[in-house]
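Residue numbers (the numbering used here), protein chains in the order written: chain H, 1 to 145; chain X, 1 to 145; chain Z, 1 to 145; chain B, 1 to 145.
Among the clues, some could well be false.
Derived list of chain B stretches under chain Z, where covered just means 3 residues or more per stretch with a C-beta under 8 Å from a C-beta of chain Z [what the hints assert, rightly or not]: (1) 23-30; (2) 54-63; (3) 70-84; (4) 106-116.
Think of the hints as simulated: they come from the structure by calculation, not from any bench. Backbone N, C-alpha and C fix where the C-beta goes; we use that ideal spot for every residue, glycine too.
Okay, here's what each chain looks like letter by letter:
4 protein chains.
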Amino acid sequence: MSDRPPPSAPPLDKDELQRRLAHSAFINFLNLTVVSADPEKGEVVMRAAMRPEFERGRGTGQWHGGPIAAIIDTVGDYALVMQLGRPLPTVNFRVDYLRPAVATALRVTATVRRAGRLVGVVDIDVTDDEGRLVAVGRATYATAK
Amino acid sequence: MSDRPPPSAPPLDKDELQRRLAHSAFINFLNLTVVSADPEKGEVVMRAAMRPEFERGRGTGQWHGGPIAAIIDTVGDYALVMQLGRPLPTVNFRVDYLRPAVATALRVTATVRRAGRLVGVVDIDVTDDEGRLVAVGRATYATAK
Amino acid sequence: MSDRPPPSAPPLDKDELQRRLAHSAFINFLNLTVVSADPEKGEVVMRAAMRPEFERGRGTGQWHGGPIAAIIDTVGDYALVMQLGRPLPTVNFRVDYLRPAVATALRVTATVRRAGRLVGVVDIDVTDDEGRLVAVGRATYATAK
Amino acid sequence: MSDRPPPSAPPLDKDELQRRLAHSAFINFLNLTVVSADPEKGEVVMRAAMRPEFERGRGTGQWHGGPIAAIIDTVGDYALVMQLGRPLPTVNFRVDYLRPAVATALRVTATVRRAGRLVGVVDIDVTDDEGRLVAVGRATYATAK
Chain H
1 MSDRPPPSAP
11 PLDKDELQRR
21 LAHSAFINFL
31 NLTVVSADPE
41 KGEVVMRAAM
51 RPEFERGRGT
61 GQWHGGPIAA
71 IIDTVGDYAL
81 VMQLGRPLPT
91 VNFRVDYLRP
101 AVATALRVTA
111 TVRRAGRLVG
121 VVDIDVTDDE
131 GRLVAVGRAT
141 YATAK
Chain X
1 MSDRPPPSAP
11 PLDKDELQRR
21 LAHSAFINFL
31 NLTVVSADPE
41 KGEVVMRAAM
51 RPEFERGRGT
61 GQWHGGPIAA
71 IIDTVGDYAL
81 VMQLGRPLPT
91 VNFRVDYLRP
101 AVATALRVTA
111 TVRRAGRLVG
121 VVDIDVTDDE
131 GRLVAVGRAT
141 YATAK
Chain Z
1 MSDRPPPSAP
11 PLDKDELQRR
21 LAHSAFINFL
31 NLTVVSADPE
41 KGEVVMRAAM
51 RPEFERGRGT
61 GQWHGGPIAA
71 IIDTVGDYAL
81 VMQLGRPLPT
91 VNFRVDYLRP
101 AVATALRVTA
111 TVRRAGRLVG
121 VVDIDVTDDE
131 GRLVAVGRAT
141 YATAK
Chain B
1 MSDRPPPSAP
11 PLDKDELQRR
21 LAHSAFINFL
31 NLTVVSADPE
41 KGEVVMRAAM
51 RPEFERGRGT
61 GQWHGGPIAA
71 IIDTVGDYAL
81 VMQLGRPLPT
91 VNFRVDYLRP
101 AVATALRVTA
111 TVRRAGRLVG
121 VVDIDVTDDE
131 GRLVAVGRAT
141 YATAK
């Protein structure tokens, strides 16, 4: 777990991250927009808009936890992808749900806590339109080449 | 965390669980079939079929981790719902990905480890058509009324 | 998981936290010093000094992960105890080890992310004497009375 | 995360595991006895006896969660060490506390769920003298050489 993993390429910018999101059928379905990408800080911000398939009860406007978990995993991954320039499989992650998210888009901020030779660890905060924290994630990705 | 939470009703059977899955727009989208439901053992088994929206790379037949996480959260929840007869919000959960799942349906087995007065803990195993373990989940749900 | 849990008393200050640490035989053994306690921010900082029993290899000065995990659980708990003024059992927690901690004291910062009616969630960062992050924790405690 | 990590040596037996536990000052302090070691099943069972330093409240006979977490991490690690024959650092782990453990030794069963090329995943169950489940752990260890 020592030190830095070798980057494969220069860090990716916002537009390149947005392009890569479209490569995956599932991620494309998640409907994410890259808001900002800062390789120095290891921070990516994305916005997720509601879709009818993501609702808990039909017509309630409440996000089901399932898509929130999937979004956390994905945005966390792309914080490391931004720095290392290659796909990185998820090893494991944890999600804590803090408040219902209703009639709101989600703002998702992923911050790299450590990019090691073997794995990287990323924290992900999810807030609603009022800036209230609705969920937090912590995820480990494989960085070994 | 002491002892048993009050059940709201008699345990739910397989058909009733299948009916309740349809109440949520997102769970409906997950496309789950209840295979078996054993309230005595605290065990529910469901089957998840692939959909094009769940693929990692388009046309590869490989499951993205996102829907696997959402399925783990949902099937784990229904193991407790079966026993307690009411909706139970997820407090938090962890997913570990063990192997890629390609060109396969998923068999998901959720087992209640503890149904306490405040929270319940459930283990979830996900296997492919060959019986290989592809992911494991551990989830905590709120059981307080 | 809605809203605020009822505090039992006014928030505890640094000296009162230090006194309460001594009530538990195990926590006493952990050898923690309260550095600061800010109920408004929901942040507690403690310092943990090495003991021979905490070493990985004898005489190496390297912290074993076991005491680091126990310290994370404890300091996280006291961030909520500070706000709510009563003992709060741990529901579950996760620890990620990021770097070896060698020949150093540990500085442990716990921050309340959410104090709900049923559970509270706390993030815990552990750094060494150089300010490097050596481990992170995320923990859920029961706040229900 | 594909396939088997290279073992460094033949699997370790019960006596060799017991000997290795003594190498670490902290693990020695944990006071563990190897009950059984089955490399085929990937299962190790250990017994942990109480010590005064492990008590929550002095003289209550109740285990503090801290030593339980440390024991979970350690026994889980040795399930993989048994199979691979070399030290394996912990990447991360989760502990769920299910019931108080009072006036009892702990029986700890660790089962390897997956030993991959990069990481291994182990489940750990902790029961009291009555066979009741008091805590469960799930841990990831680095298996890369």
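Here's how the hints hold up against the structure:
no.: 1; hint: 23-30; in the structure: holds (count 7)
no.: 2; hint: 54-63; in the structure: holds (count 5)
no.: 3; hint: 70-84; in the structure: holds (count 4)
no.: 4; hint: 106-116; in the structure: violated (count 0)
In summary, the one numbered hint that this structure violates is 4.
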